[in-house]
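Going down the list, the sequences are from chains E and H. The numbering of the first sequence is this note's numbering, which starts it at 1 and goes up by one. The numbering of the second sequence is this note's numbering, which starts it at 1 and goes up by one.
These are calculated hints, taken from the structure and not from any lab test. Please note that a few of the clues may not be correct.
To be verified - Each pair of labels, with its calculated beta carbon distance range:
1) H:Glu67 / E:Glu227: 50 to 60 Å
2) H:Pro380 / E:Trp318: 22 to 32 Å
3) E:Ser28 / H:Glu393: 17 to 27 Å
4) E:Ile34 / H:Gln369: 20 to 30 Å
5) E:Pro184 / H:Glu165: 44 to 54 Å
6) E:Ile34 / H:Ser193: 17 to 27 Å
7) E:Val484 / H:Arg153: 26 to 36 Å
8) E:Glu227 / H:Ala83: 50 to 60 Å
9) H:Asn37 / E:Gly233: 23 to 33 Å
10) H:Ala449 / E:Gly305: 16 to 26 Å
11) H:Phe188 / E:Ser28: 25 to 35 Å
12) E:Arg488 / H:Gln87: 34 to 44 Å
Claimed, not checked - Simulated coverage check for chain H against chain E, where a stretch passes if three residues somewhere in it have a Cβ under 8 Å from a Cβ of chain E:
13) 36 to 49
14) 94 to 102
15) 148 to 161
16) 232 to 245
17) 314 to 322
18) 327 to 341
Positions of the beta carbon are idealized from the N, C-alpha and C atoms, including for glycine.
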Amino acid sequence: MSRLFDFAGGVGMGYSQPDTLMPKESVSLPASLIRKELPRWPRLSEPEMVRHYTWLSRRNFGIDTGFYPLGSCTMKHNPRVNEVIAQIPGIAQIHPHQPEHHLQGLLSIFHEMQHMLEICSGMDQVTLQPVAGAQGEFTAVRCVQEYFRKRGEDQRTKVIVPDSAHGTNPASAAMAGFEIVEIPSLEDGRIDIDALRAVVDDTVALMMVTNPNTLGLFENDISQASEIIHSVGGQMYYDGANFNAILGRTSPGLMGFDAVHFNLHKTFSQPHGGGGPGSGPIGVKSHLAEFLPGPIVKKRPIASGHENFAVDDMWYGWYQPANSIGKVQQWHGNSGAVIRCWAYYRRYGYGLKDMSEHAVLNANYLRHALHREAQKAGVTDMFVDGATTKVAKHEFTLSLLPAKEKYGISAMDVAKGLLDKGYMAPTVYFPLVVPECMMFEPTETESRDTLDKFAKEFIEVLQQDAEILHEAPITTPVRRVDEVYAARNLCLRHPFDE
Amino acid sequence: MVDQLPNRGLELEMLQEMGMSSIDDLFDDIPVGVRMNEPLPLPPPQSEEEIIADARRLLGANLAMSEVVSFLGAGLYRNYVPASVFQLITRGEFLTSYTPYQPEVSQGMLQAMWEFQTLISELVGLPISNLSLYDGSTAAAEALTCAVRVHNRKAEQKDTVYVSELTPPDKISVMKNYCQGAGITIKFIKHNSDGSIDLSSAQQAAGSCGVYVEQPNPLGLLDGGYPQLKEIIGDKTALIVGIQPISLGLVEAPGHYGADIVVGEGQPLGSPITAGGPIYGIFACSKTYLRLMPGRIAGKSIDVDGQEAYCLTLSTREQHIRRHRATSNICTNETLIALMGAMHMSLLGPEGLNHLALRNITACNLAKQKLSEINTIALPHLQGTHFNEFIVELPSSAADCLDYLDGIGIIGGFDASRWYPERKNWLLVTVTDQTSAKEIELLAAHIAAWSVGVSA
Numbered sequence: 001m002s003r004l005f006d007f008a009g010g011v012g013m014g015y016s017q018p019d020t021l022m023p024k025e026s027v028s029l030p031a032s033l034i035r036k037e038l039p040r041w042p043r044l045s046e047p048e049m050v051r052h053y054t055w056l057s058r059r060n061f062g063i064d065t066g067f068y069p070l071g072s073c074t075m076k077h078n079p080r081v082n083e084v085i086a087q088i089p090g091i092a093q094i095h096p097h098q099p100e101h102h103l104q105g106l107l108s109i110f111h112e113m114q115h116m117l118e119i120c121s122g123m124d125q126v127t128l129q130p131v132a133g134a135q136g137e138f139t140a141v142r143c144v145q146e147y148f149r150k151r152g153e154d155q156r157t158k159v160i161v162p163d164s165a166h167g168t169n170p171a172s173a174a175m176a177g178f179e180i181v182e183i184p185s186l187e188d189g190r191i192d193i194d195a196l197r198a199v200v201d202d203t204v205a206l207m208m209v210t211n212p213n214t215l216g217l218f219e220n221d222i223s224q225a226s227e228i229i230h231s232v233g234g235q236m237y238y239d240g241a242n243f244n245a246i247l248g249r250t251s252p253g254l255m256g257f258d259a260v261h262f263n264l265h266k267t268f269s270q271p272h273g274g275g276g277p278g279s280g281p282i283g284v285k286s287h288l289a290e291f292l293p294g295p296i297v298k299k300r301p302i303a304s305g306h307e308n309f310a311v312d313d314m315w316y317g318w319y320q321p322a323n324s325i326g327k328v329q330q331w332h333g334n335s336g337a338v339i340r341c342w343a344y345y346r347r348y349g350y351g352l353k354d355m356s357e358h359a360v361l362n363a364n365y366l367r368h369a370l371h372r373e374a375q376k377a378g379v380t381d382m383f384v385d386g387a388t389t390k391v392a393k394h395e396f397t398l399s400l401l402p403a404k405e406k407y408g409i410s411a412m413d414v415a416k417g418l419l420d421k422g423y424m425a426p427t428v429y430f431p432l433v434v435p436e437c438m439m440f441e442p443t444e445t446e447s448r449d450t451l452d453k454f455a456k457e458f459i460e461v462l463q464q465d466a467e468i469l470h471e472a473p474i475t476t477p478v479r480r481v482d483e484v485y486a487a488r489n490l491c492l493r494h495p496f497d498e
Numbered sequence: 001m002v003d004q005l006p007n008r009g010l011e012l013e014m015l016q017e018m019g020m021s022s023i024d025d026l027f028d029d030i031p032v033g034v035r036m037n038e039p040l041p042l043p044p045p046q047s048e049e050e051i052i053a054d055a056r057r058l059l060g061a062n063l064a065m066s067e068v069v070s071f072l073g074a075g076l077y078r079n080y081v082p083a084s085v086f087q088l089i090t091r092g093e094f095l096t097s098y099t100p101y102q103p104e105v106s107q108g109m110l111q112a113m114w115e116f117q118t119l120i121s122e123l124v125g126l127p128i129s130n131l132s133l134y135d136g137s138t139a140a141a142e143a144l145t146c147a148v149r150v151h152n153r154k155a156e157q158k159d160t161v162y163v164s165e166l167t168p169p170d171k172i173s174v175m176k177n178y179c180q181g182a183g184i185t186i187k188f189i190k191h192n193s194d195g196s197i198d199l200s201s202a203q204q205a206a207g208s209c210g211v212y213v214e215q216p217n218p219l220g221l222l223d224g225g226y227p228q229l230k231e232i233i234g235d236k237t238a239l240i241v242g243i244q245p246i247s248l249g250l251v252e253a254p255g256h257y258g259a260d261i262v263v264g265e266g267q268p269l270g271s272p273i274t275a276g277g278p279i280y281g282i283f284a285c286s287k288t289y290l291r292l293m294p295g296r297i298a299g300k301s302i303d304v305d306g307q308e309a310y311c312l313t314l315s316t317r318e319q320h321i322r323r324h325r326a327t328s329n330i331c332t333n334e335t336l337i338a339l340m341g342a343m344h345m346s347l348l349g350p351e352g353l354n355h356l357a358l359r360n361i362t363a364c365n366l367a368k369q370k371l372s373e374i375n376t377i378a379l380p381h382l383q384g385t386h387f388n389e390f391i392v393e394l395p396s397s398a399a400d401c402l403d404y405l406d407g408i409g410i411i412g413g414f415d416a417s418r419w420y421p422e423r424k425n426w427l428l429v430t431v432t433d434q435t436s437a438k439e440i441e442l443l444a445a446h447i448a449a450w451s452v453g454v455s456a
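All chains, please: the whole structure from these sequences, using the hints.
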């Protein structure tokens, strides 16, 4: 083990700093504010620090380590040129309060991204400010709330979400003050149109839908759902978590949605580094645009005297929507993530359609390969499709319920068995509507060989004895971690000598 | 042609194996009425070389703060992040990992985040820290809603929080968005003309759910009155202090003078400014708030063999389990940037942090001294103690002065009338560890020249 708080080396060994501009003795603070004891931080030299974090990194699994079919998370390859671009001083060393004429290149990129997202989603106006998907949801819900307030429709207190929705949907709507109405899905995981009809009236503000849904199925009744909601005066919200499946094939605008968020880090790749950062821009139809958080970038003619600062024949300036909800982050959102995603988008251009097609091709191929290998090995009795459908979109689910009932092998056992094979496990136990669920999302950046090899090894895991699988993983840095112990014996920081 | 698709050219073989003949077969579940039939009206794909050339041209047209003399801060600060931090953060095992849902293969990130929690806990003087929120403003906003969840039942002023009137409007805007859904009223605490908090105004916050103040405050002042705040507002009201983390190398940790929750922009520790994101929000608190706080938390545990192991814990507060009853909707956070923070803190050590704080405050004192020698301008809070920024009152508008300085290639500071509209002539000058004596001389000389010009 390498433990950070075991390092207690010499003072100032980590990195030396220049002297202060005036003698330290000249500093005087109010007595009540003088810090009496410095934080008990470790003292490391640079070589020790580099080794510690390198050691830690080797105990962590990323896409670079191996196949990462974590459903719902779109773990695609992150092109490294994006990281190089994000370190250019013209983004890394930019302050959001700098004037427009310092930022023409940056604002032109923001404008290009707004425009591209508008085209792909069929929305009229995009803001890049929200910094994560959940924040995008919250922002859009707030815009819809203000839209109805302005119209005097204060009775609209409800937000409808299918029971298969991501947890962030109900959480974001509740944070904005809405009452949540959860509707059950059909047996195949799709929206139950009759159940929807039964709950709509003029108290509904919004319905939140993920399409393809969290089972990887396209909601083919989506136009009908939009019509039902619009017929009672409600709004339709598109959770863009699964946008990677449909670019260039359909759009939220075509499906009748009024607002959408994009998980830029998923669809356009921003390394997710252990849980963040992300970026969650939203797009809306024109009737909601006046409520968006500002500022937003708009083009206008170049004012005379400013020609030298321009990057093309137009000026890129900040614009504040008339009835803006205000801000959801103090600055301009996760600009560094937007830049990386811009570089990613430029790699594809109109070929974004190819990206989605390959994502869907790979998901369907993996689903096929898993059934194929199960057949070859004679273990078709161990799992069933989470949804019986001819094609999936960018992800799909399997239910391991048969394996659980017949052999005592749970989805969690299989997940841990896959870790021993050198894979990240698929998402388990989500969506909740599929029992013993495993959710696979290979993404478009995996080769057929990888998919074939994974399918084979997945079946090998299933063929192991239950007792052996209960012990998995055995080759990982630690074995099954006791999460109950962690919750009952809370240790949330180094205890020092306390 | 797009070069990121390993199965390009294999499409037909793969389809045929599945009994299909065309990519269209994979999309025939999309109803005809909602299909996009035209190609996306976007430009063609680019090669890596073309993209980087465009990026250099466009981003190169921006004026980077590292390329000019800059006194702009106001919440985000020029800093130096050691080279090893940038090198290590590109380790693919860190960079390309997701949320550590499978702890057995995520021990590196989990342990690093548990260590981050400890580093922050020590920094601010409170026992609990989460793995980061989006930024300082969302951390402050979440602190307010958290305070209401914890204290509302016994509060005399129900659903009410108090915020320093100096808080930047953009931050207040975020707070309002986060608070309105829970029906929380935000009231304001006044400050005296010397910039210090009006303790009698703070008295009115007693019995509310929480009080938010910043140390140093938005005018750059360190407020010696804060240690009295907890006693004034009482046990049933959360004292929330927004901090600049570097200052805590010199200034008392708020947890040691009664703060219940400490939040702040982590950026100066480990992250370039990056136009305001991705950065990371610090959120730390006392045990009272633990079960109702937002964000992910790493805990130390054991594996089945009894070995030391780490995992996410107390997840039942979070949206993926608690759904609409979650303490926050946050899912994605800023772990990678927090990791850069942890690396920077590890290298600094306690004395390095102290020295970094001293570099800020001495540079600030030098700038105050130089600017106070100019008799055409004034420093309204000259007698106060500033950490790394201070207000200069100009003979004409700050906007004019900034334009003038910009013409010379100096970013002169922040036009404080963007926060306080009646203060047209207030310029917020920020001086960090990255500012040289020569740059301070340059600023003083040019502000003097400008102010003589406008005063004449």
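Against the structure, the hints come out as follows:
1. For the hinted restraint 50 to 60 Å between Glu67 of chain H and Glu227 of chain E, the CB-CB distance of approximately 55 Å keeps it satisfied.
2. A C-beta distance of roughly 29 Å is found between Pro380 of chain H and Trp318 of chain E, which places it inside the suggested range of 22 to 32 Å.
3. A beta carbon spacing of about 23 Å between Ser28 of chain E and Glu393 of chain H agrees with the range 17 to 27 Å that was offered as a hint.
4. Checked against the given bound of 20 to 30 Å, the beta carbons of Ile34 of chain E and Gln369 of chain H, roughly 21 Å apart, stay inside it.
5. For Pro184 of chain E and Glu165 of chain H, the hinted distance range of 44 to 54 Å is satisfied, since their beta carbons lie about 49 Å from each other.
6. Checking the proposed 17 to 27 Å range against Ile34 of chain E and Ser193 of chain H shows it holds: the Cβ atoms sit about 25 Å from each other.
7. In this structure, Val484 of chain E and Arg153 of chain H meet the distance hint of 26 to 36 Å, their C-beta atoms being roughly 29 Å apart.
8. Distance hint for Glu227 of chain E and Ala83 of chain H: a CB-CB separation of about 58 Å, consistent with the stated range 50 to 60 Å.
9. Roughly 30 Å separates the CB atoms of Asn37 of chain H and Gly233 of chain E, a value that falls within the hinted 23 to 33 Å.
10. Roughly 22 Å separates the CB atoms of Ala449 of chain H and Gly305 of chain E, a value that falls within the hinted 16 to 26 Å.
11. With their beta carbons about 31 Å apart, Phe188 of chain H and Ser28 of chain E fall inside the hinted range of 25 to 35 Å.
12. Take Arg488 of chain E and Gln87 of chain H: their Cβ atoms lie about 39 Å apart, and the range 34 to 44 Å holds.
13. Note: the segment 36 to 49 of chain H has 10 residues with beta-carbon separation from chain E under 8 Å; the three-residue rule is met and the coverage holds.
14. Coverage of the segment 94 to 102 of chain H by chain E holds in this model, with 9 residues showing a Cβ closer than 8 Å to a Cβ of that chain against a need of three.
15. For the segment 148 to 161 of chain H, the assignment as covered by chain E is violated, since 0 residues bring a beta-carbon within under 8 Å of that chain's beta-carbons and 3 are needed.
16. Evaluation of the coverage hint for the segment 232 to 245 of chain H: breached, as 0 residues show C-beta separations to chain E shorter than 8 Å, against a requirement of three.
17. A stretch counts as covered by a chain when three or more of its residues have a beta carbon under 8 Å from one of that chain; for the segment 314 to 322 of chain H and chain E the count is 6, and the coverage holds.
18. For the segment 327 to 341 of chain H, the proposed coverage by chain E is satisfied: 11 residues have a C-beta within less than 8 Å of a C-beta in that chain, meeting the threshold of three.
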